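Chain order of the listed sequences is A and B.
The opening residue of the first sequence carries number 1 in the working numbering; numbering runs sequentially from there.
The opening residue of the second sequence carries number 1 in the working numbering; numbering runs sequentially from there.
Keep in mind the hints are simulated off the structure, nothing from the lab.
For clarity, every value in this text was computed on a predicted model and none was experimentally measured.
We put the CB at the ideal spot given by N, CA and C, even for glycine.
Incorrect hints may have been included.
[To be verified] Under the rule of at most 30 Å between Cα atoms (straight-line distance), these lysine-lysine pairs were calculated in the DSSO-like manner:
1. Lys244(A) to Lys96(B)
2. Lys51(A) to Lys129(B)
3. Lys212(B) to Lys180(A)
4. Lys182(B) to Lys167(A)
5. Lys167(A) to Lys96(B)
6. Lys182(B) to Lys168(A)
7. Lys96(B) to Lys168(A)
8. Lys129(B) to Lys168(A)
9. Lys128(B) to Lys168(A)
10. Lys112(B) to Lys168(A)
11. Lys51(A) to Lys77(A)
12. Lys57(A) to Lys129(B)
13. Lys212(B) to Lys167(A)
14. Lys180(A) to Lys129(B)
15. Lys180(A) to Lys112(B)
16. Lys96(B) to Lys180(A)
17. Lys212(B) to Lys168(A)
[Stated by the list, open to error] Residues from chain B that face chain A, not an exhaustive set, calculated with beta carbons under 10 Å:
18. Thr59
19. Gln82
20. Glu95
21. Phe106
22. Phe110
23. Pro114
24. Ala145
25. Cys148
26. Asp155
27. Phe158
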Amino acid sequence: MVRFRETLREPEALFWIFVFPILLAAGLGIAFRNRPADVLKIATVTPELTKSLQQEKLLSVQQLDSNAAEDALRTGKIALLAVPGSNGAVVYRYDDTNPEGRTARMLADRAVQQAAGRVDPVAASDQFLREPGSRYIDFLIPGLLGMNLMGSAIWGMGFTVVDARRKKLLKRLIATPMPKQYFLLSYLLSRILMLVLEVGIVLGFGALIFHVPVRGSLLDLGVVCLLGSLSFSALGLLLASRAKTIEAASGLMNAVMLPMWIASGVFFSAQRFPDIVQPLIKALPLTAAIDALRANMLQGANLAHMAPQMGVLAAWLLVCFALALKLFRWR
Amino acid sequence: MLGSSPKAALRVSGLRKAYQDVVAVSGLDLEVRAGECFGLLGPNGAGKTTTVEICEGLTAPDSGDVELLGLHWNSDAQQLRQRLGIQLQDTQLSEKLTVFETLRLFRSFFEKGPGANEAIELVQLEEKKNSRVGNLSGGQKQRLALACALVGDPDFLFLDEPTTGLDPQARRQLWDLIEQFKLSGRTILLTTHYMDEAERLCERVAIMDNGKQIALGTPRELIASICAEHLVAFSAGSNSNALDIPALRRIEGVRDVRTENGAVELQVTELHLAVPALLAELNRQNIPLTELSTHSATLEDVFVALTGRHLRDE
Numbered sequence: 001m002v003r004f005r006e007t008l009r010e011p012e013a014l015f016w017i018f019v020f021p022i023l024l025a026a027g028l029g030i031a032f033r034n035r036p037a038d039v040l041k042i043a044t045v046t047p048e049l050t051k052s053l054q055q056e057k058l059l060s061v062q063q064l065d066s067n068a069a070e071d072a073l074r075t076g077k078i079a080l081l082a083v084p085g086s087n088g089a090v091v092y093r094y095d096d097t098n099p100e101g102r103t104a105r106m107l108a109d110r111a112v113q114q115a116a117g118r119v120d121p122v123a124a125s126d127q128f129l130r131e132p133g134s135r136y137i138d139f140l141i142p143g144l145l146g147m148n149l150m151g152s153a154i155w156g157m158g159f160t161v162v163d164a165r166r167k168k169l170l171k172r173l174i175a176t177p178m179p180k181q182y183f184l185l186s187y188l189l190s191r192i193l194m195l196v197l198e199v200g201i202v203l204g205f206g207a208l209i210f211h212v213p214v215r216g217s218l219l220d221l222g223v224v225c226l227l228g229s230l231s232f233s234a235l236g237l238l239l240a241s242r243a244k245t246i247e248a249a250s251g252l253m254n255a256v257m258l259p260m261w262i263a264s265g266v267f268f269s270a271q272r273f274p275d276i277v278q279p280l281i282k283a284l285p286l287t288a289a290i291d292a293l294r295a296n297m298l299q300g301a302n303l304a305h306m307a308p309q310m311g312v313l314a315a316w317l318l319v320c321f322a323l324a325l326k327l328f329r330w331r
Numbered sequence: 001m002l003g004s005s006p007k008a009a010l011r012v013s014g015l016r017k018a019y020q021d022v023v024a025v026s027g028l029d030l031e032v033r034a035g036e037c038f039g040l041l042g043p044n045g046a047g048k049t050t051t052v053e054i055c056e057g058l059t060a061p062d063s064g065d066v067e068l069l070g071l072h073w074n075s076d077a078q079q080l081r082q083r084l085g086i087q088l089q090d091t092q093l094s095e096k097l098t099v100f101e102t103l104r105l106f107r108s109f110f111e112k113g114p115g116a117n118e119a120i121e122l123v124q125l126e127e128k129k130n131s132r133v134g135n136l137s138g139g140q141k142q143r144l145a146l147a148c149a150l151v152g153d154p155d156f157l158f159l160d161e162p163t164t165g166l167d168p169q170a171r172r173q174l175w176d177l178i179e180q181f182k183l184s185g186r187t188i189l190l191t192t193h194y195m196d197e198a199e200r201l202c203e204r205v206a207i208m209d210n211g212k213q214i215a216l217g218t219p220r221e222l223i224a225s226i227c228a229e230h231l232v233a234f235s236a237g238s239n240s241n242a243l244d245i246p247a248l249r250r251i252e253g254v255r256d257v258r259t260e261n262g263a264v265e266l267q268v269t270e271l272h273l274a275v276p277a278l279l280a281e282l283n284r285q286n287i288p289l290t291e292l293s294t295h296s297a298t299l300e301d302v303f304v305a306l307t308g309r310h311l312r313d314e
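The shape of chain A in the complex, shown without the other chains (with noise of 0.2 Å):
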């Protein structure tokens, strides 16, 4: 009876949906691959200097004349600066606010200090971390994959409603003997295909490149998946009840996802603001997908013990639904 079938027939929603969370990966995955540790670029006005800081095989050390040296230092070209001092002694130029320039700095200064005779006390060696599961990338394709049910669902719902509206294709649509309740259930049928899909190609595109882990049961990952996208699907209902226009709409849209872009800890983790907002941030229904979806993925969490975002983002659901429901304009 529900022959009210969402068609995929919009380029650029299939762009955005399933490419640009590819691209975006990609991207910054490469940006952010297992590289050797940065080999920073420093300058000396000496060459005795520029011999001594030579032997740190982590620095790339050119010697320039004094004002180039300023200059590169000044526009970022390089790290750090090592000019020589009164008594042999040497003078670091750094700007000490940019971990760059603090790594610069002891990198340099071992090296001085080495090539002047320093013999360390205790013995090190190192033993790198590498291990599938705890790189950026293994950090990022969660975010994404929260960023893109979020997305995904406010855009697809919010657009498309908004849309009929303005074409008074929902006045339309409720002039026929329609139950209403099936326009609702034909969105939420299309949402959880477009979820199989969207979830699919993210995480088959992080398994198969970059080998990231899903520790976690799959299925738990999609009770998930489902639960976060009814909730941004119910919030991208409540921002689109009313708006006439896919400019108010839009700009209602943004608004709501533009803060939770950044705060929910998509790109970096969310533990960097201020512990006054935390729980504020921890209550944003994006920052709980991406948590439990990380405590997945990354931990193998089950179900129990993401039962705190779990709960958030089910009151998400609830509370948005609700409003929705009441605010609701079909004309």
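Place chain B on chain A using the hints.
Same frame as chain A, but now just chain B:
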């Protein structure tokens, strides 16, 4: 037909609806007989669409009563929906669906009615069956909208400005289709601001202005009601101020004279007497004549006679 009176398919009484500070419909009574094509005429903003949407159950009236096919919206909505065919003013159907898919979708909402293929034949869109809606012309889209209104095999058809914005050829094509449906005995309520459309399609018309009905009858009755069968228009050019209007009124066969920006319009019953007399009178007043024309009175002239305004004055 069900209901108290077997003849009325739609009965509206004391209908009133206001939006914020604008009164769209103020105290409207209407009766549409079963099997007739009833026209609701009026300029934009007259309250036609609001009236129709109240009858369609899409808008709740502030007060007043609507009885449709003997049923009422607050008690029999689901039953009514099954029996109505509705075409709304400028609905845009989903552009990514094909004609066939759109009709199959709409057909799925109704219990009975022609199949999607049959509906496509009814509106002569066979060639476009698998085209996407976005690629149709304006006339084809309107025909598709009409087909969507027909898939439920409705007893009552609402057509809200079905030909607005179409080119003359597409309008005539749509009129032909609507005339065919009239033959099948359906009751039709049509709104339009094209008087020629109402004259051609409707058995009876009600003229609306400012939310009220100002005239009701067959197109012929309405035209006869202004007591003039012909209109004579001429321009007096720069001499219009010198024109002796009362003298024109005294000409035999002239019912009324109106002037507008130097153009003069006479309502005339006997053209063959009035025109020679008019020419003689203008000659006597020594006014050179430019742009003389005559036409048979239309509903447009009825509207002008009733309101002093033209229909498409915005």
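Query - Violations among the numbered hints - result: 2, 3, 12, 23 and 26
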